[in-house]
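J.: For the protein sequence lines, the chains are V and S, in the order given. The numbering of the first sequence is my numbering, which starts it at 1286 and goes up by one. The numbering of the second sequence is my numbering, which starts it at 1286 and goes up by one.
Think of the hints as simulated: they come from the structure by calculation, not from any bench. Honestly, I wouldn't trust all of these hints.
Derived EDC-like pairs (lysine to aspartate or glutamate); straight-line CA-CA distance at most 16 Å [to be verified]:
no. : chain 1 : residue 1 : chain 2 : residue 2
1   : V       : Lys1501   : V       : Glu1530
2   : V       : Lys1501   : V       : Glu1491
3   : S       : Lys1299   : V       : Glu1294
4   : V       : Lys1467   : V       : Glu1437
5   : V       : Lys1364   : V       : Glu1437
6   : V       : Lys1299   : S       : Asp1537
Stretch-level coverage of chain V by chain S, calculated; a stretch enters the list once three of its residues show a Cβ under 8 Å from a Cβ in chain S [unchecked claim]:
no. : stretch
7   : 1301–1307
8   : 1424–1437
9   : 1448–1462
Treat the numbers as computed from the prediction; the structure is a model and nothing was measured. Glycine is no exception: its CB is placed at the ideal position from the N, C-alpha and C atoms.
There are 2 protein chains.
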Amino acid sequence: MIINGQVGELIHAKDRGFTYGDGVFRSMLLHEGKINLWPQHFNKLKHDCISLGINCPSIKILAAELDQLIADQPEGVAKIVITRGIGTRGYSPISESNSTRVISISPSPQYPDFFSTNGVSIYICHLRLGHQPRLAGIKHLNRLENVLAAAEWQDPGIAEGLLLDEEGHIIEGTRSNLFLVKNGNLYTPDLSRCGVAGLQRDRVLEWATQNGVSTKITNLFLDDLLAADEAFMVNSVIGLWPIREMSGFKRDSFPISHLIQNWLNNVLP
Amino acid sequence: MIINGQVGELIHAKDRGFTYGDGVFRSMLLHEGKINLWPQHFNKLKHDCISLGINCPSIKILAAELDQLIADQPEGVAKIVITRGIGTRGYSPISESNSTRVISISPSPQYPDFFSTNGVSIYICHLRLGHQPRLAGIKHLNRLENVLAAAEWQDPGIAEGLLLDEEGHIIEGTRSNLFLVKNGNLYTPDLSRCGVAGLQRDRVLEWATQNGVSTKITNLFLDDLLAADEAFMVNSVIGLWPIREMSGFKRDSFPISHLIQNWLNNVLP
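Here chain V stands alone, though its shape is the one from the complex (with noise of 0.2 Å):
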């Protein structure tokens, strides 16, 4: 781990990251010494920064900063987390205070290969993504909706969750964008209210884009879902998951899945 620009584990308990959750992260697959998308994970940190008014550090900072661990450590997920900095007493935010930044790299997690051929089991949580338009498409460090949602189950036969809104829209999973499949069509959810606009969500449309494919980002029910063709779960560790079964859904053919799979796996932006 290097904090700040030191090697280190610890952060100051007056970190406004720690006290109210203030600043943003990002997880990124490692892979032969490479940050799969780097650029465009840099881009995000930054556009999200900017979106609760944190300086963000420049790219340089971090890339080397990452290229220092990545020395010994070629492969896993790396992680930046960038904070408001350490703070005194009280909500106001002080601007011309110097963030924190928190890089690190963890194994990658290892899932069985069948997730991403066969598809994988979901569970629909009960809890319910509150709306907050400040906030929603951030990967921000206000994670306790998705904390309490992945608690709700144990079962390692179960992959991921599905998140809902209040509203019952079908929003995105724990840790993932959701798309549909319906007649050659893809769907996915909108999400100006609430979810995470995850990097893989980005690249899903614009394989759209590319290949013709005409794509909704809309309001989408259960309902929907169940009615898809193919359903699939992206995220920048896991790839591309499709799904396999989830109470009322059950399906075993995925070509469109496949196809955007090996288009995210294969095809180098």
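Position chain S against the provided structure of chain V, taking the given hints into account.
T.: Just chain S now, kept in the frame of chain V:
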């Protein structure tokens, strides 16, 4: 500061309080070496920990660690943060993990005396609180809404910001609870969908019960505030501030507010 029993200021960057805001806290007024309403504060802390499935340290451990700091700093604001502890990657909470406890004392914020006597000017925040019944009432570490709301004004003449929810209900201040007085009755917002249920709010409700004053915990709108005879805000550090001025609202007489204020400040629970 005392962290897990050791004097120090640093926590692990993998602490779930830092990575996900996965924890709760309390701010408590400390005067002449005593924490005001300590048993009640501990009960709230424990209640909030239980709501999130976090192991709450015993009152004995926390009191001993507080006493250790109070010996050197008998005046100020004492703060306790409890997080779910150090975690591995991933949202899923590990139930057997040891929680982290951070105890600190800061100097009391200095507010002009007339805030309590003549009342304060408040600002109506643009940010609207999202609904999340699962987290409503809890003083948890996911406080980005409060941070963004507090960033909306810099004028030091504005003492507090009023927060409405997405449906236009008045809910609370950025760091306080709200009461209205109308025809001798008390009204305070329902906090079942958002907001933090502070200890002073409970005490005002207790005052009302003891004094046979009717209290309604209900949906309240800005128009209800504008039509109120008196309105005031409470928290454990500020005590009670009558609201003197807000857009469309001006009052200069606060008989009920001062009656309750006197009781809050002087009656031992």
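J.: So, for every hint listed, does it hold in this structure?
T.: Hint by hint, here is what the structure shows:
1. For a cut-off of 16 Å, the pair hint linking Lys1501(V) to Glu1530(V) is broken: about 23 Å separates their Cα positions.
2. With a CA separation close to 13 Å, the supplied pair Lys1501(V) and Glu1491(V) stays within the 16 Å bound.
3. Between the alpha carbons of Lys1299(S) and Glu1294(V) the distance comes to roughly 8 Å, so the proposed pair stays at or under 16 Å and holds.
4. As the CA atoms of Lys1467(V) and Glu1437(V) are separated by approximately 29 Å, the hinted pair breaks the 16 Å bound.
5. Simply put, Lys1364(V) and Glu1437(V) have alpha-carbon atoms about 25 Å apart, too far for the 16 Å limit, and the pair is violated.
6. Taking the CA atoms of Lys1299(V) and Asp1537(S), the gap is about 39 Å. The hint is violated against a cut of 16 Å.
7. Check result for the stretch 1301–1307 of chain V against chain S: holds, 7 residues qualifying (beta carbon to beta carbon below 8 Å, three or more required).
8. Note: the stretch 1424–1437 of chain V has 12 residues with beta-carbon separation from chain S under 8 Å; the three-residue rule is met and the coverage holds.
9. Only residues whose C-beta sits within less than 8 Å of a C-beta in chain S count toward coverage, and the stretch 1448–1462 of chain V has 3 of them, enough to reach three; the restraint holds.
Hints 1, 4, 5 and 6 from the earlier list are contradicted by this structure; the remaining hints agree with it.
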